[in-house]
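The primary structure of each chain is shown beneath.
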Amino acid sequence: MTATAEVSTGSRGNQPPVPDGAITVTVKIRRFNSEFDDEPRWDSFEIPALPSDRVLNLLHYVKWYLDGTLTFRRSCAHGICGSDAMRINGVNRLACKVLLKDLLASGGKPTTITIEPIKGLPVHKDLLVDMEPFFEAFKAVKPYLITYGNEPTRERVQSIADRERFDDTTKCILCAACTTSCPVYWTEGSYFGPAAIVNAHRFIFDSRDEGAEERLDILNDIDGVWRCRTTFNCTDACPRGIQVTKAIQEVKRALLFKRV
Amino acid sequence: MSELTLAKPRTPRRPAARRNNFELHSWLFMRISGMALVVLVLGHLFIMNILDGGVHRINFGFVAGRWASPFWQFWDLTMLWLAQIHGGNGLRTVINDYARKDATRFWLKVLLYVSMVLIIALGTYVIFTFDPNITD
Chain A
248 MTATAEVSTG SRGNQPPVPD GAITVTVKIR RFNSEFDDEP RWDSFEIPAL PSDRVLNLLH
308 YVKWYLDGTL TFRRSCAHGI CGSDAMRING VNRLACKVLL KDLLASGGKP TTITIEPIKG
368 LPVHKDLLVD MEPFFEAFKA VKPYLITYGN EPTRERVQSI ADRERFDDTT KCILCAACTT
428 SCPVYWTEGS YFGPAAIVNA HRFIFDSRDE GAEERLDILN DIDGVWRCRT TFNCTDACPR
488 GIQVTKAIQE VKRALLFKRV
Chain B
-7 MSELTLAKPR TPRRPAARRN NFELHSWLFM RISGMALVVL VLGHLFIMNI LDGGVHRINF
53 GFVAGRWASP FWQFWDLTML WLAQIHGGNG LRTVINDYAR KDATRFWLKV LLYVSMVLII
113 ALGTYVIFTF DPNITD
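Going down the list, the protein sequences come from chains A and B. Position one of the first sequence corresponds to residue 248 (my numbering), numbered consecutively onward. Position one of the second sequence corresponds to residue -7 (my numbering), numbered consecutively onward.
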């Protein structure tokens, strides 16, 4: 082995000692650098990891000790900020919420984990995508409280049942896992996408809000809820367990019966 | 330093909202016509292929006898129209979902609508003007 091979190209120097009970897994990452590459390519890394590690730990290992040029988003690393949505073994997941033990091949066979950027948004570099089209759709449904008339002098009171009505859709962290798992969104970027509809739902069914009509009008159009084909990819992808397809159906029903 | 003037990839080309209920009505139509077609098409297939010796008894006389009754004329006419519009609307959504360029989308839709109109017109014409006493 030459001296250069032992020098780490990661951003944190030498590889740490391998912990007891570690298994070596292959991580196949779809790489793309718009400055040099015409086409995306696949890079494979052999990584020693514990079954209790998260996929994010594997990516950290690559970035810190093997290849410092690997680019991905992550912030809180605990499933709250919604930065690290990616396609893990073909399905959209948060890298910080998937444990290695759930991805291990059965019978002790060698494990390969494929990691790709979320689909349907332009890739800047590696796993980093341009989220702007996603946020544009989010903003287009007016995801904020709309009221008319005088401000109340006290807080806007709401019953427990009224609060319960939209509880599920308040959980959204805007990670884009649902929108980028939607086959309609993959081929037609002008579709609002599940995340925008979920966030519209959060206000449409809020008893304190008075903008339901405006939002329903926006979602009644060709790029709105009628584009949903109920494939349930979004519900499956949501890391917060939001019943996304159900929320979309509730918006359809509100439009159909003109009743919120 | 030169400004990058390239268009953003996949920038949504979302047209201004049309503010009408066309998509709602077409969605609703698909559900209702779908249910009607289950009865109409399965009934048609049962009569034509299974009942009384099935497909082997179908000839000019059989068709003439059926279309002598306004009930079967109405059945076939409804089936023709619903199936054409249901299928055409389904294809319209497929084209909307998958055509990438505006020109492709436009021409595919023209092709679709023209074929729909032709088949509906021809079918309707045959059902209403069918002559059981035709002789050559």
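None of these hints come from the bench; they were simulated from the model. Possibly wrong hints are sitting among the right ones.
Straight-line alpha carbon distances no greater than 27 Å define the calculated BS3-like cross-link-like pairs of lysine-lysine that follow [said to hold, decoys possible]:
| hint | chain 1 | residue 1 | chain 2 | residue 2 |
| --- | --- | --- | --- | --- |
| 1 | B | LYS93 | A | LYS366 |
| 2 | A | LYS310 | A | LYS372 |
| 3 | A | LYS348 | A | LYS366 |
| 4 | A | LYS493 | A | LYS505 |
| 5 | A | LYS366 | A | LYS310 |
| 6 | B | LYS101 | A | LYS386 |
Each hint tested on the structure:
1. Among the hinted pairs, LYS93/B with LYS366/A is consistent with the structure: their alpha-carbon atoms are about 20 Å apart, no more than 27 Å.
2. At roughly 14 Å between alpha-carbon atoms, LYS310/A and LYS372/A fall within 27 Å of each other, so this suggested pair holds.
3. Proximity of LYS348/A to LYS366/A is assessed by CA-CA distance (about 25 Å); at most 27 Å being required, the pair is judged to hold.
4. At roughly 18 Å between alpha-carbon atoms, LYS493/A and LYS505/A fall within 27 Å of each other, so this suggested pair holds.
5. Of the pairs offered as hints, the one joining LYS366/A and LYS310/A holds, with about 22 Å between alpha carbons and a cut-off of 27 Å not exceeded.
6. Restraint check for LYS101/B and LYS386/A: not satisfied, since their Cα atoms lie roughly 31 Å apart, outside the 27 Å limit.
Checked against the numbered hints above, the structure violates only hint 6.
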